[in-house]
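> The lines below spell out each chain.
Number of protein chains: 6
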Amino acid sequence: MTKLIEYEEASEEVRAVYDDIRATRQNDYINNFWKAIANHPPTLQRTWQAVKEVMTGPGEIDPLMRELIYIAVSATNGCEYCIASHTAGARAKGMDDTMFGELMAIAATANMTNRLANGYQIPVDERFKT
Amino acid sequence: MTKLIEYEEASEEVRAVYDDIRATRQNDYINNFWKAIANHPPTLQRTWQAVKEVMTGPGEIDPLMRELIYIAVSATNGCEYCIASHTAGARAKGMDDTMFGELMAIAATANMTNRLANGYQIPVDERFKT
Amino acid sequence: MTKLIEYEEASEEVRAVYDDIRATRQNDYINNFWKAIANHPPTLQRTWQAVKEVMTGPGEIDPLMRELIYIAVSATNGCEYCIASHTAGARAKGMDDTMFGELMAIAATANMTNRLANGYQIPVDERFKT
Amino acid sequence: MTKLIEYEEASEEVRAVYDDIRATRQNDYINNFWKAIANHPPTLQRTWQAVKEVMTGPGEIDPLMRELIYIAVSATNGCEYCIASHTAGARAKGMDDTMFGELMAIAATANMTNRLANGYQIPVDERFKT
Amino acid sequence: MTKLIEYEEASEEVRAVYDDIRATRQNDYINNFWKAIANHPPTLQRTWQAVKEVMTGPGEIDPLMRELIYIAVSATNGCEYCIASHTAGARAKGMDDTMFGELMAIAATANMTNRLANGYQIPVDERFKT
Amino acid sequence: MTKLIEYEEASEEVRAVYDDIRATRQNDYINNFWKAIANHPPTLQRTWQAVKEVMTGPGEIDPLMRELIYIAVSATNGCEYCIASHTAGARAKGMDDTMFGELMAIAATANMTNRLANGYQIPVDERFKT
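From first to last, the protein sequence lines stand for chains C, A, L, Z, U and R.
If you read the first sequence in our numbering, its first letter stands for residue 1, the second for the next number, and so on.
If you read the second sequence in our numbering, its first letter stands for residue 1, the second for the next number, and so on.
If you read the third sequence in our numbering, its first letter stands for residue 1, the second for the next number, and so on.
If you read the fourth sequence in our numbering, its first letter stands for residue 1, the second for the next number, and so on.
If you read the fifth sequence in our numbering, its first letter stands for residue 1, the second for the next number, and so on.
If you read the sixth sequence in our numbering, its first letter stands for residue 1, the second for the next number, and so on.
Note that the list lumps identical chains together, so a pair holds whenever it fits in one copy or between two copies.
Straight-line distance between alpha carbons at most 25 Å, and here's what the computed PhoX-like set of lysine-lysine pairs gives:
| hint | residue 1 | residue 2 |
| --- | --- | --- |
| 1 | K129 | K52 |
| 2 | K3 | K129 |
| 3 | K52 | K93 |
| 4 | K93 | K3 |
| 5 | K129 | K93 |
| 6 | K3 | K52 |
I should point out that these hints are in silico values taken from the structure, not numbers from a laboratory.
Go ahead and model the full structure; you've got the sequences and the hints to work with.
Right, here's the structure in full:
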């Protein structure tokens, strides 16, 4: 188990990231993920910067859909922490049980057909190569 | 390499699935995935039924977003065939280079944070458990 | 691409493994997997010893079923080489198209339900814990 | 944590699936997997239909061997729930400690050689391509 | 949960492995991994032999670096047990919080770029093929 | 297949990244990975920044060891492009066949024991939890 770095005991560079997380999310809560990777400040800074840009920056994909994509990847990898935190995030953005069920169905079906394609060693159609 | 079952040589039960694929997609092209798994007709039938329901049935998630989720899972698993075929499918539904770039950025970031969460053995926050 | 070590140019310790592969399989063909890992003789020796014991030694699981399990894992991991070589091995031991189709269906279904179990964060039933 | 849907509070369509699970297995117990995915009835119906056909339908692969294949995939993916439930299922069908040990040895060896084949970038032998 | 085989109740062949673990590590503690796989003595013997050779034998890669590689793989696969045990092992060999943070950053970055390379279907440069 | 963006046709922001890659590596060659993700400039910028910091910045882990860790992760994920490019990178930094063989042996062994730990559902030792 990793030590979680609380705001009060954090260095200035870590506090700066925590402050930005709070301002970006308009919420004081810092979840354990950030408190854990704060043990290595450069990783905290780089990771927060990436998550902030990718998940909250302007873009063509709707913020709720971004959360769904995140959950689909996390369920595929079996990352318990990421499934729990992003499911909470998606619910806060409006995901209900039906949408979650549809998401799980898509992710599960993709995992199924991925292995059929692998196992049957199926050549990519010419028309999909361009 | 698996033998691909062409329509002309297919059994009646396989042809019925091919006919439904064509009708559902309003397109005569049957891609190699179906021609390969047609070597085992029950798997062809069950898999097409699932893909049809999950990817084309009514639901809260937009058909283009469903393709994005499919691609994110397939890129995570490294399934070359599925990446190629669903990228083509998403482009046909309107995905441009920017949307694809955003999708890849989300999938890549999720794969990155999944491993940080695993490696740091981060406990799930109480508030994410309910 | 790794250099493949042919018998003629192999060191004595590598030849000894190649000889044992030929004797165990009663077949002169050495497939590329062994010729590649022969670049590191201790890995060649240890890996062949493990594969020989696990796949050809006495045991409760039938040799053909062992090949099916191997293929299921390899399809899950997307290892093209291992899928191709063990599918050939299973066919040589009697696997036909129907059995391969059933195997793919089981592996695909397991990959599907694995992600549903992950995504829904399902607690293990008490009765499965003992 | 997902809410588990008990029989008493379930909708009619969910109860119909639960009834079929009980009849097929000749056992009243509904395990948590089904109670969790019952939050999305179409996923419950489709998934049960697939598992029923693939795991209990007629076929060339013995029901116990099907469980072993399922466990090998689940251990490869690290799905704790599926490992626990299918290990219980396999034990009920006759798997003892030795058979489980052999299964783990095969799955572990395949996972090992899969990475050697990947890492050494080994070309597939011509004879394995047909 | 698997029964853990304690030294006192172990068979002679299992005790011989436990004795060798203790002698090799110059430490009396046998961790749960070995006590669990001792349920299948041939797997215990083969696995210990491999781990002993690969992790403690002579070689060009420093023992601490071997532990880091092990952790990177285990974090990629999400194996909680292996992450915990090898993190303890690496700390005993001198890994501090900064080195662990760097390791996690490398593993996370590799997992990120692996999916970009997959998703963008990037052809291998000619110069990397030789 | 993704279009590769050559320097001559690149936008100014993309050229700035290419220039930094060349300056950092003291080598004019831009490999396909960067030319592909240049289709989405923010992903190109963020990814290069991360790779540059993590792989070439100051730190406790030797640059060659960083490449080995990268390869171990890429082999575990089966990312052909990343295996090929980072193997070339490691060889340029001094990796010989023996060191590569040792690396593969460690990665393969970790993949093996990861699945034994998963499959046997081994509880983490108390002493590894602190």
